[in-house]
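Numbering-wise, the sequence shown is residues 26 to 195 according to the working numbering.
Honestly, the hints are just simulated from the structure, not real lab data.
One should not assume that every hint holds.
Okay, the calculated beta carbon distance ranges per label pair [as the list claims (entries may be wrong)]: (1) Val-35 x Leu-92: 17 to 23 Å; (2) Gly-38 x Ser-149: 18 to 24 Å; (3) Gln-77 x Asp-168: 33 to 39 Å; (4) Val-69 x Gly-38: 17 to 23 Å; (5) Val-166 x Ala-81: 34 to 40 Å; (6) Leu-92 x Glu-61: 26 to 32 Å; (7) Gly-38 x Gly-109: 27 to 33 Å; (8) Ala-177 x Arg-57: 17 to 23 Å.
From a predicted model like this one, the values you see are computed outputs, not experimental measurements.
All C-beta atoms, glycine included, are put in the ideal place defined by N, C-alpha and C.
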Amino acid sequence: MSGWVVEPLVTTGDLEEVLALEEAAFTNPWTRDMFEWELTGSDVSAVYVVRQARSAPIVGYCCVWLLFDELHINHVAVDPRLRGRGIGRALMLELLTDAGRRGAHRATLEVRASNAPARRLYESLGFVQTGVRRAYYTHPVEDALIFWCDIAPGTSPASRRPFGASEERE
Numbered sequence: 026m027s028g029w030v031v032e033p034l035v036t037t038g039d040l041e042e043v044l045a046l047e048e049a050a051f052t053n054p055w056t057r058d059m060f061e062w063e064l065t066g067s068d069v070s071a072v073y074v075v076r077q078a079r080s081a082p083i084v085g086y087c088c089v090w091l092l093f094d095e096l097h098i099n100h101v102a103v104d105p106r107l108r109g110r111g112i113g114r115a116l117m118l119e120l121l122t123d124a125g126r127r128g129a130h131r132a133t134l135e136v137r138a139s140n141a142p143a144r145r146l147y148e149s150l151g152f153v154q155t156g157v158r159r160a161y162y163t164h165p166v167e168d169a170l171i172f173w174c175d176i177a178p179g180t181s182p183a184s185r186r187p188f189g190a191s192e193e194r195e
């Protein structure tokens, strides 16, 4: 996993670092209350963080919901100063692998239409665009592209098929 440590965030102790990244990464950032709810207010949500080593500063994070057999990837951010170094890939690979171990069969997310680097990352991991949510984002107003991918429980992300692909087409 290219030296990055990905782990669930289980307490609010590292929340200041996550909030600082949130402010740096987004024009319409989530609030402390929103993150605290993700950590403590739901039995389906999880927050993953990525660091260079255990107890090193957090350089990225992701908020997800595991709903039955679907992983909903709600929020992904990497320190803007460190993008392009494989942090987002390491984070996504680990959370997709973990979701597969926990019984997820597919994953979904939305991404700004203009976020070409994120779209390339998601597509390289087997995500396929399946729809558009018009004017979904604010600050600035922009469409969200809806992506899905299949997850074969218990397998590595490298063995996943693109969303909707049948075994006959392989």
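Comparing the hints with the structure gives:
no. : hint                         : result
1   : Val-35 x Leu-92: 17 to 23 Å  : holds, 20 Å
2   : Gly-38 x Ser-149: 18 to 24 Å : violated, 33 Å
3   : Gln-77 x Asp-168: 33 to 39 Å : holds, 34 Å
4   : Val-69 x Gly-38: 17 to 23 Å  : holds, 22 Å
5   : Val-166 x Ala-81: 34 to 40 Å : holds, 37 Å
6   : Leu-92 x Glu-61: 26 to 32 Å  : violated, 20 Å
7   : Gly-38 x Gly-109: 27 to 33 Å : holds, 29 Å
8   : Ala-177 x Arg-57: 17 to 23 Å : violated, 37 Å
Violated hints for the displayed structure, listed by number in ascending order: 2, 6 and 8.
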